[in-house]
Amino acid sequence: MTKPRRPTLAVWKFASCDGCQLTLLDCEEELLAVAGAVEIARFLEATRAVRPGPYDISLVEGSITTAADRDRIQAVRRESGLLVAIGACAAGGGIQALRNRASLAELTAAVYARPDYLDTLAESTPIAEHVPVDYELRGCPIAKGQLLEVITALLAGRQPVLPPHSVCHDCKLAGQVCVMVAQGIPCLGPLTQAGCGALCPGFQRGCYGCFGPMEQPNRPALDHWLRALGVGTAAAGRLDGRFDPRLQALAEDTGD
Amino acid sequence: MAQVQGVALNDNQDPDTRRLVITRDGLAVLLNALRRHGYRLIGPRLGDGAIQFTDIDGVDDLPQGWTAVQEAGHYRLQRRADAALFGYAVGPHSLKRYLHPPRLRLWRMHRDAMQGCSSDSGADPGGDPGGDAETSDRDPQTTAPAGPFAFVGVRPCELRALAIQDRVLLGGQQIDPHYQARRAGCFIVAVACGSPGGTCFCQSMQAGPGLRDGFDLGLTELDTDPTDPPQGQRLLLAIGSARGRALLTEIPHRPATAAEIAQGERVVARAADAMGRHLDGDGLRERLLAVLEHPYWDQVGARCLGCTNCTLVCPTCFCTSVEDHTDLTGQYAERTRRWDSCFTGDFSYIHGGSVRQHRAARYRQWLLHKLATWHDQFGSPGCVGCGRCITWCPVGIDLSAEAAALAAAAASQPGLPTAPPADPSPAPTSAPQPAAMPARRHE
Chain E
0 MTKPRRPTLA VWKFASCDGC QLTLLDCEEE LLAVAGAVEI ARFLEATRAV
50 RPGPYDISLV EGSITTAADR DRIQAVRRES GLLVAIGACA AGGGIQALRN
100 RASLAELTAA VYARPDYLDT LAESTPIAEH VPVDYELRGC PIAKGQLLEV
150 ITALLAGRQP VLPPHSVCHD CKLAGQVCVM VAQGIPCLGP LTQAGCGALC
200 PGFQRGCYGC FGPMEQPNRP ALDHWLRALG VGTAAAGRLD GRFDPRLQAL
250 AEDTGD
Chain L
0 MAQVQGVALN DNQDPDTRRL VITRDGLAVL LNALRRHGYR LIGPRLGDGA
50 IQFTDIDGVD DLPQGWTAVQ EAGHYRLQRR ADAALFGYAV GPHSLKRYLH
100 PPRLRLWRMH RDAMQGCSSD SGADPGGDPG GDAETSDRDP QTTAPAGPFA
150 FVGVRPCELR ALAIQDRVLL GGQQIDPHYQ ARRAGCFIVA VACGSPGGTC
200 FCQSMQAGPG LRDGFDLGLT ELDTDPTDPP QGQRLLLAIG SARGRALLTE
250 IPHRPATAAE IAQGERVVAR AADAMGRHLD GDGLRERLLA VLEHPYWDQV
300 GARCLGCTNC TLVCPTCFCT SVEDHTDLTG QYAERTRRWD SCFTGDFSYI
350 HGGSVRQHRA ARYRQWLLHK LATWHDQFGS PGCVGCGRCI TWCPVGIDLS
400 AEAAALAAAA ASQPGLPTAP PADPSPAPTS APQPAAMPAR RHE
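One line per chain: the protein sequences are E and L, in this order.
For the first sequence, numbering that gives the first Met the number 0 gives the first residue as 0, with consecutive numbering after it.
For the second sequence, numbering that gives the first Met the number 0 gives the first residue as 0, with consecutive numbering after it.
FYI, nobody ran anything at the bench for these hints, they're computed from the structure.
Treat the numbers as computed from the prediction; the structure is a model and nothing was measured.
Incorrect hints may have been included.
Here are some chain L residues pointing at chain E (derived, C-beta under 8 Å) [stated by the list, open to error]:
1. Gly37
2. Leu45
3. Gly48
4. Arg302
5. Gly395
Okay, derived cross-link-like pairs now, SDA-like style, lysine to any residue, Cα gap no bigger than 25 Å in a straight line [as the list claims (entries may be wrong)]:
6. Lys143(E) <-> Asp54(L)
7. Lys143(E) <-> Gly329(L)
8. Lys143(E) <-> Val20(L)
9. Lys143(E) <-> Leu30(E)
10. Lys143(E) <-> Glu333(L)
11. Lys143(E) <-> Gly209(L)
12. Lys143(E) <-> Val321(L)
13. Lys143(E) <-> Arg104(L)
14. Lys143(E) <-> Asp60(L)
15. Lys143(E) <-> Ala332(L)
16. Lys143(E) <-> Pro163(E)
Sample of chain L residues facing chain E (criterion: CB under 8 Å; computed from the structure) [claimed, not checked]:
17. Ala49
18. Pro91
19. Gly213
20. Pro294
21. Gln298
22. Val299
23. Cys303
24. His324
Quick reminder that beta carbons are idealized off the backbone N, C-alpha and C, glycines included.
Using the sequences and the hints, build the whole thing.
Laid out in structure tokens, this is it:
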């Protein structure tokens, strides 16, 4: 009896820091099992050896920021069975999308000695603005548990469990005390999608929204409350949702 | 100690009306005795800016001399002038966390090349009611070693919530065996409320602040002078069950004086006058059901975050969802139950979409279930007046104020049809009303 062919997995990088694909190596205990369950056909962070496509599963990290990448994502899509966008950059545009709110010429002049060397698009955009995306893993970086959940679900032919509810929901499941109510720490948990296990509130910090908007975020309501508390709006400081620009876009949107 | 663990759920057939007094040292002996008898002690303890309800080792872990200021969307620990052991109102956690845990593995299955599949309940082989929660290093409270629970510092509102959970999870045709196993062996040391919080309204819901029944041992902490030493705390003690009486043989105690009994009554009377909130329950069900389409629901929906905090801190909300997980080898699968909430879209998702698309509809579902349709379904309100949903709402939405506003709206629209009165004693096996169906999905 021949063993069934293992699904092939490819990892692709666009504008990103590599932290999300590093999560695959971070699986450590499960890494051998992953390698046993899928054929890792293209993963440059692990090996230069690349098997030719097409690939059954593509993990796509990073946002689209150059004309070359805009073309390359089309090729990746053509070579991929299931395309999974991984991380805040791929899902929402990432921290580099801060430039979407400013003048590109002014920014590049402020940052680079020779901005004329740059060949870049005016905006950083998520993968789904360019090609159809089958699943989206949120976070900066993604959660290892969610990555394994998607891989095991695809192997078993079931839907992955990726609830779109708020970080608060998982914070309460974990039995953590609300940092905003009990300590007055501004927290984006009520607006942000779960998946991290409510990591930051568990360490007495406010959620900064790296998992992007939950299913129906009501940012005006949270802004109103934070203003009344005298801690400014969710747009102030680290609470501006800079890791996922989709949270920034919600200022006037009640999400309902 | 067979007589401690072998007693049935409501062991209150033999009320003992004696009033006794124990000291802080006596309480220490009591807690140690519970541990010695194999109980897992769960009680109040300071942590992460709140009085949590979590594992404790003994009397030294109690938040002596602390209280918490509570308002809508606001909770702050504060030092008390005296050395009260139980001088605070309920915190973010309730008994639900232990008896109806946030995550529970229902079963698991292994594929075996030789024998096909084998499955089991996922429960600890020792039959331990505390050991079948999902293993997760982020959730130590439900995975700590087992033993039947001894809950210490249970408030009257919490006892009422427990009675409601008993009705919901054990009182119908379908019983929840997980809740039943955890509930059956637990020992309850209740404490009358002497310091209600700013969001408390148990008096309105006739759930507190004094103790009636539903406990094994019931305490009322007597006032002390701020200059008294911390060891000087005295607590009135009432016996609520045979196992409570049995345990008392190991605890130093003495009869209460008439003055101490009167002092205990004053503590409770003072608490009744100090409720931070009020909810007029008179005809509330009918008034709320008369304003189903009132625009006020949209007003609340505009403020609501849909974050689910209110439902998860509520000691009576019991809804769950079920998730399936597999592993990388394809040789293992498990089914997990977790708390869910009527404030998520997935909760009411059926073919074609979510039944309740907007937060206004979800808030209406929740508030009406708590205060109106719960009567039809379970013969009581689903609210105990603990105030948690008010305190722990990140934007301070106040159930008591919203209900009052809606009831007032009903009063100002006399032309609206009113709901028929609820059957005061619905048969335990009657099917729930469709409007009140709490949608325990996939079960």
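Hint by hint, here is what the structure shows:
For Gly37(L), the interface hint is violated, the least distance from its beta-carbon to any beta-carbon of chain E being 23 Å, above 8 Å. Given the 8 Å rule on beta carbons, the hint for Leu45(L) is violated: about 10 Å separates it from the nearest Cβ of chain E. Residue-level restraint check for Gly48(L) holds (minimum Cβ-Cβ distance to chain E is 4 Å; threshold 8 Å). At its closest, the beta carbon of Arg302(L) sits 5 Å from a beta carbon of chain E; the interface hint therefore holds under the 8 Å criterion.
Checking Gly395(L) against chain E: minimum C-beta separation of about 7 Å stays under 8 Å; hint holds. Under the criterion of a C-alpha separation no larger than 25 Å, the hint pairing Lys143(E) with Asp54(L) is inconsistent with the structure, at around 29 Å. Taking the CA atoms of Lys143(E) and Gly329(L), the gap is near 19 Å; set against the 25 Å cutoff, the hint holds. Of the pairs offered as hints, the one joining Lys143(E) and Val20(L) is violated, with about 54 Å between alpha carbons and a cut-off of 25 Å exceeded.
Between Lys143(E) and Leu30(E) the CA atoms are separated by roughly 11 Å; this keeps the pair inside 25 Å, and the hint holds. Our distance criterion of 25 Å between C-alpha atoms is met by Lys143(E) and Glu333(L), whose separation comes to about 19 Å. For a cut-off of 25 Å, the pair hint linking Lys143(E) to Gly209(L) is broken: about 49 Å separates their Cα positions. For a cut-off of 25 Å, the pair hint linking Lys143(E) to Val321(L) stands: about 21 Å separates their Cα positions.
Distance hint between Lys143(E) and Arg104(L) is fulfilled; the C-alpha atoms sit about 21 Å from each other, no more than 25 Å. Distance hint between Lys143(E) and Asp60(L) is unfulfilled; the C-alpha atoms sit about 36 Å from each other, more than 25 Å. A threshold of 25 Å between alpha carbons decides the hint, and for Lys143(E) with Ala332(L) the separation of about 19 Å falls inside it, so the pair holds. Restraint check for Lys143(E) and Pro163(E): satisfied, since their Cα atoms lie roughly 17 Å apart, inside the 25 Å limit.
Residue-level restraint check for Ala49(L) holds (minimum Cβ-Cβ distance to chain E is 4 Å; threshold 8 Å). Interface hint at Pro91(L): satisfied, since its Cβ lies 6 Å from the closest Cβ of chain E, which is below the 8 Å cut-off. Annotation: Gly213(L) was flagged as interfacial toward chain E, and the flag is violated, the nearest CB pair being 24 Å apart, outside 8 Å. The closest approach between the C-beta of Pro294(L) and any C-beta of chain E is roughly 14 Å, which is over the 8 Å cut-off, so the hint fails.
Given hint, Gln298(L) at the interface with chain E, is violated; its Cβ is 11 Å from that chain's nearest Cβ, farther than 8 Å. For Val299(L), the shortest C-beta to C-beta distance to chain E is roughly 10 Å, which exceeds 8 Å, and the interface hint is violated. Checking Cys303(L) against chain E: minimum C-beta separation of about 7 Å stays under 8 Å; hint holds. The closest approach between the C-beta of His324(L) and any C-beta of chain E is roughly 7 Å, which is under the 8 Å cut-off, so the hint is satisfied.
The structure fails hints 1, 2, 6, 8, 11, 14, 19, 20, 21 and 22 (numbered hints given earlier, in ascending order).
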